[in-house]
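Engineer: What follows is the residue order along each chain.
2 protein chains.
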Amino acid sequence: MKLATLKDGSRDGQLAVVSRDLATAHYATGIAAKMQQVLDDWGFISPQLQDLYDTLNQGKARHAFPFDPAQCMAPLPRAYQWADGSAFINHVELVRAARNSEVPKSFYEDPLMYQGGSDDFLGPTDDAFFLTEDWGIDFEAEVAVVTGDVKMGATPDQALEGVRLVMLANDWSLRNLIPNELAKGFGFFQSKPATAFSPVAVTPDELGDAWQGGRVHLTLQSSWNGRKVGMCDAGPEMTFSFGQLIAHIAKTRNVRAGSIVGSGTVSNKGVDNGSGKTEWPKGYSCIAEKRAIETIQDGKPSTEFMKFGDTIKLEMKGKDGQSVFGTIEQKVAKP
Amino acid sequence: MKLATLKDGSRDGQLAVVSRDLATAHYATGIAAKMQQVLDDWGFISPQLQDLYDTLNQGKARHAFPFDPAQCMAPLPRAYQWADGSAFINHVELVRAARNSEVPKSFYEDPLMYQGGSDDFLGPTDDAFFLTEDWGIDFEAEVAVVTGDVKMGATPDQALEGVRLVMLANDWSLRNLIPNELAKGFGFFQSKPATAFSPVAVTPDELGDAWQGGRVHLTLQSSWNGRKVGMCDAGPEMTFSFGQLIAHIAKTRNVRAGSIVGSGTVSNKGVDNGSGKTEWPKGYSCIAEKRAIETIQDGKPSTEFMKFGDTIKLEMKGKDGQSVFGTIEQKVAKP
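Just so you know, the protein sequences line up as chains A and B, in that order. 34 is the number of the first residue of the first sequence in my numbering; add one for each residue after it. 34 is the number of the first residue of the second sequence in my numbering; add one for each residue after it.
Think of the hints as simulated: they come from the structure by calculation, not from any bench. Don't take each hint at face value.
Said to hold, decoys possible - Derived DSS-like pairs (lysine-lysine); straight-line CA-CA distance at most 27 angstroms:
1) Lys367(B) / Lys138(B)
2) Lys346(B) / Lys261(B)
3) Lys367(A) / Lys40(B)
4) Lys184(B) / Lys67(A)
5) Lys40(B) / Lys40(A)
6) Lys350(A) / Lys333(A)
7) Lys261(A) / Lys333(A)
8) Lys184(A) / Lys302(B)
9) Lys310(B) / Lys284(A)
10) Lys184(A) / Lys333(A)
11) Lys346(B) / Lys340(A)
12) Lys350(A) / Lys367(A)
13) Lys184(B) / Lys364(A)
14) Lys217(A) / Lys310(B)
15) Lys367(B) / Lys184(A)
16) Lys67(A) / Lys367(B)
17) Lys302(B) / Lys367(A)
18) Lys352(B) / Lys364(A)
19) Lys350(A) / Lys302(A)
20) Lys40(B) / Lys284(A)
21) Lys217(A) / Lys67(B)
22) Lys138(A) / Lys302(A)
23) Lys261(B) / Lys333(A)
To be verified - Where chain A lies over chain B, by a calculated footprint (3+ residues, C-beta under 8 angstroms):
24) 77-90
25) 141-148
26) 326-340
Just so you know, these numbers come straight off a predicted model, no measurement behind them. All residues carry an ideal CB built from backbone N, CA and C; glycine is no exception.
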């Protein structure tokens with residue numbers, strides 16, 4: 034099923050079920066008011082939502098209305114955890130190659146992950162506000178899952194059982210703040226402002242056999258100012274599965290319902306273009322990668338980061354060609 | 034006023050008002066059921082809680098019952114943000130001196146801060162479970178505040194206005210996991226398991242003139258296995274005020290109601306004992322500092338980290354000698 038949270042002026046919005054084709058929606062009134070409630074009591078509440086979803090898809094829901102992504106908050110407008118991995122090791126390889134730094138061997142066995150702020154997420158069409166362009170504004174197209182409760186010490190297989198919902202994320206990054214921040218040794222903080230999520234979050238069964246091995250085997254499309262810049266496959270090159278990422282969190286603590294876990298920038302390897310030169314035919318899911326490629330090829334980056342007024346659009350289509358999660362479509366704005 | 038969250042089998046517990054002397058409590062039934070609700074709507078709800086608090090202190094509350102810290106969850110059993118500073122630069126100096134590493138100048142102007150997991154906090158008397166002692170189990174005695182909404186770009190003065198509640202924290206740390214984790218460059222993650230908080234959270238006015246300049250000018254007492262090891266002043270040596278810490282978070286994003294912000298390990302400078310040798314008369318608020326001091330003095334640490342069965346007790350008394358927040362009293366346990 035597909036779930037969304039609609040704006041109603043409150044902090045947590047109003048839970049709605051959305052039809053498979055994203056055409057209609059229906060408030061979950063009488064079942065659950067808020068998304069976190071569903072995650073807190075998944076076994077009891079989700080079958081009721083599934084019934085409503087089936088009725089809605091059959092066109093028989095009584096109070097259905099047209100679904101408008103512009104009315105969406107993030108599926109979880111605020112969450113108790115947002116842990117973002119960097120599971121596409123190609124992203125790390127690219128960024129490191131651009132600064133002549135090798136990827137440590139351990140990075141292929143032990144996921145990189147940072148804890149993000151989760152008190153103030155952005156809806157899929159909300160403007161992203163930044164005080165200045167000088168911070169190096171960049172998008173990051175990602176896949177994310179929402180978990181149920183996962184016990185401390187869970188194996189990747191056990192952790193994968195905890196996946197309740199899948200969605201897309203735009204993990205806004207402030208590239209020019211990153212070097213100083215990482216040099217301090219405590220990881221990202223100011224360089225990771227509010228993250229945006231797709232209009233709907235879907236249960237893994239909606240992905241059919243594209244959900245395999247704890248990965249989403251579909252293409253994540255990124256369009257920057259209307260130009261398609263990324264068509265990256267989110268499946269096979271994801272070095273660590275969502276099961277492994279969740280197990281990484283659960284090594285020393287319990288993971289509680291409503292935790293959001295991200296894949297990191299979806300990134301595909303370059304290929305030899307036949308004349309011995311590497312090309313990246315799938316494009317990029319963040320500008321930092323484009324700049325890394327330029328640096329590797331030309332010695333320095335030529336593409337600038339985003340400016341006020343720039344737009345970014347992220348979408349993923351299913352094997353039937355239909356949008357799975359709806360589109361994230363944001364504008365970079367000055368407050 | 035003083036607020037607590039009592040265990041009732043639910044994830045968020047039941048909100049209660051606690052008398053100034055911590056002797057009696059009263060459910061906030063009819064006013065608010067959960068702590069987060071109060072923070073979401075502080076202006077409307079807090080005066081009603083204050084009225085109940087006044088009645089309770091006068092011994093006139095109808096359904097008062099004896100307050101039992103063992104029935105407490107963390108005041109916010111789960112939160113949308115837990116951002117922990119390292120505001121006592123002496124702590125950083127000590128730890129760095131032990132490994133012959135200088136503190137960068139910028140550390141005196143730009144706070145160190147990490148984003149912690151906030152989906153699964155521990156109550157003040159909950160056992161702290163760890164899968165193995167080998168991880169280097171350590172306590173960290175801290176002061177923490179809970180905020181209301183603070184806008185992106187807020188100054189430290191504006192940010193300080195956003196402080197709603199003050200409490201104590203035991204920011205459990207797994208020291209032996211830290212070096213590898215920091216070497217990866219993304220900051221703490223597995224090395225920071227679930228954090229515990231004091232039985233009650235109090236409004237700043239409860240601290241009287243001990244709340245000054247965004248700091249709590251009182252002594253934080255730490256007792257390890259019944260032995261008093263720390264009597265550190267949480268006031269003057271806090272390099273960055275809570276206003277500065279909150280403003281640090283708000284530089285690139287909004288800070289939303291219910292965010293918890295920590296001081297980092299409360300730490301006081303060593304003093305010359307008269308014969309040219311440095312002593313630390315105030316003791317330590319985490320074992321890592323004790324080991325740093327031993328390393329500076331003897332070339333290597335001799336105190337071991339915590340073992341299963343060890344206990345830690347954290348408490349802060351007001352100028353009247355009464356416990357302000359109640360005591361955190363935890364045992365290290367194997368699941």
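Engineer: All hints are to be evaluated individually against the structure, with a verdict given for each.
Structural biologist: Against the structure, the hints come out as follows:
At most 27 angstroms may separate the alpha-carbon atoms for a hinted pair to count; Lys367(B) and Lys138(B) exceed this at roughly 41 angstroms. Proximity of Lys346(B) to Lys261(B) is assessed by CA-CA distance (about 9 angstroms); at most 27 angstroms being required, the pair is judged to hold. Taking the CA atoms of Lys367(A) and Lys40(B), the gap is near 44 angstroms; set against the 27 angstroms cutoff, the hint is violated. Restraint check for Lys184(B) and Lys67(A): the C-alpha separation of about 25 angstroms stays at or below 27 angstroms, so the hint holds.
Taking the CA atoms of Lys40(B) and Lys40(A), the gap is near 32 angstroms; set against the 27 angstroms cutoff, the hint is violated. Restraint check for Lys350(A) and Lys333(A): the C-alpha separation of about 34 angstroms exceeds 27 angstroms, so the hint is violated. Among the hinted pairs, Lys261(A) with Lys333(A) is consistent with the structure: their alpha-carbon atoms are about 23 angstroms apart, no more than 27 angstroms. The hinted pair formed by Lys184(A) and Lys302(B) fails the criterion: a straight-line CA distance of about 40 angstroms is larger than 27 angstroms.
Of the pairs offered as hints, the one joining Lys310(B) and Lys284(A) is violated, with about 42 angstroms between alpha carbons and a cut-off of 27 angstroms exceeded. Between the alpha carbons of Lys184(A) and Lys333(A) the distance comes to roughly 46 angstroms, so the proposed pair goes past 27 angstroms and is violated. This hinted pair does not check out: Lys346(B) and Lys340(A) have alpha carbons roughly 52 angstroms apart, beyond 27 angstroms. A distance of roughly 31 angstroms separates the Cα atoms of Lys350(A) and Lys367(A); the hinted pair therefore is violated under the 27 angstroms criterion.
Distance restraint check for Lys184(B) and Lys364(A): the Cα-Cα separation of roughly 20 angstroms lies within the 27 angstroms cut-off, and the hinted pair is therefore satisfied. For the suggested pair Lys217(A) and Lys310(B), the alpha carbons sit about 31 angstroms apart, so the restraint of at most 27 angstroms is broken. In summary, the hint linking Lys367(B) to Lys184(A) is supported, as the alpha carbons are separated by about 14 angstroms, within the 27 angstroms threshold. Taking the CA atoms of Lys67(A) and Lys367(B), the gap is near 36 angstroms; set against the 27 angstroms cutoff, the hint is violated.
Distance restraint check for Lys302(B) and Lys367(A): the Cα-Cα separation of roughly 44 angstroms exceeds the 27 angstroms cut-off, and the hinted pair is therefore not satisfied. With a C-alpha separation of about 53 angstroms, the suggested pair Lys352(B) and Lys364(A) falls outside the 27 angstroms cut-off, and the hint is violated. Distance restraint check for Lys350(A) and Lys302(A): the Cα-Cα separation of roughly 21 angstroms lies within the 27 angstroms cut-off, and the hinted pair is therefore satisfied. Taken as a hint, the Lys40(B) and Lys284(A) pair is honoured in the structure, with Cα atoms around 26 angstroms apart against an allowance of 27 angstroms.
Between the alpha carbons of Lys217(A) and Lys67(B) the distance comes to roughly 37 angstroms, so the proposed pair goes past 27 angstroms and is violated. Only pairs whose Cα atoms come within 27 angstroms are accepted, and Lys138(A) paired with Lys302(A) is accepted, the gap being roughly 18 angstroms. The straight-line distance between the Cα atoms of Lys261(B) and Lys333(A) is roughly 58 angstroms, outside the 27 angstroms bound, and the hint therefore fails. With 0 residues having a beta carbon nearer than 8 angstroms to a beta carbon of chain A, the stretch 77-90 of chain B misses the requirement of three or more and the stated coverage is violated.
Restraint check on the stretch 141-148 of chain B versus chain A: 5 residues with Cβ-Cβ distances below 8 angstroms, three needed, restraint holds. For a cut-off of 8 angstroms, the count of residues in the stretch 326-340 of chain B with a CB near a CB of chain A stands at 0, and the three-residue condition is violated.
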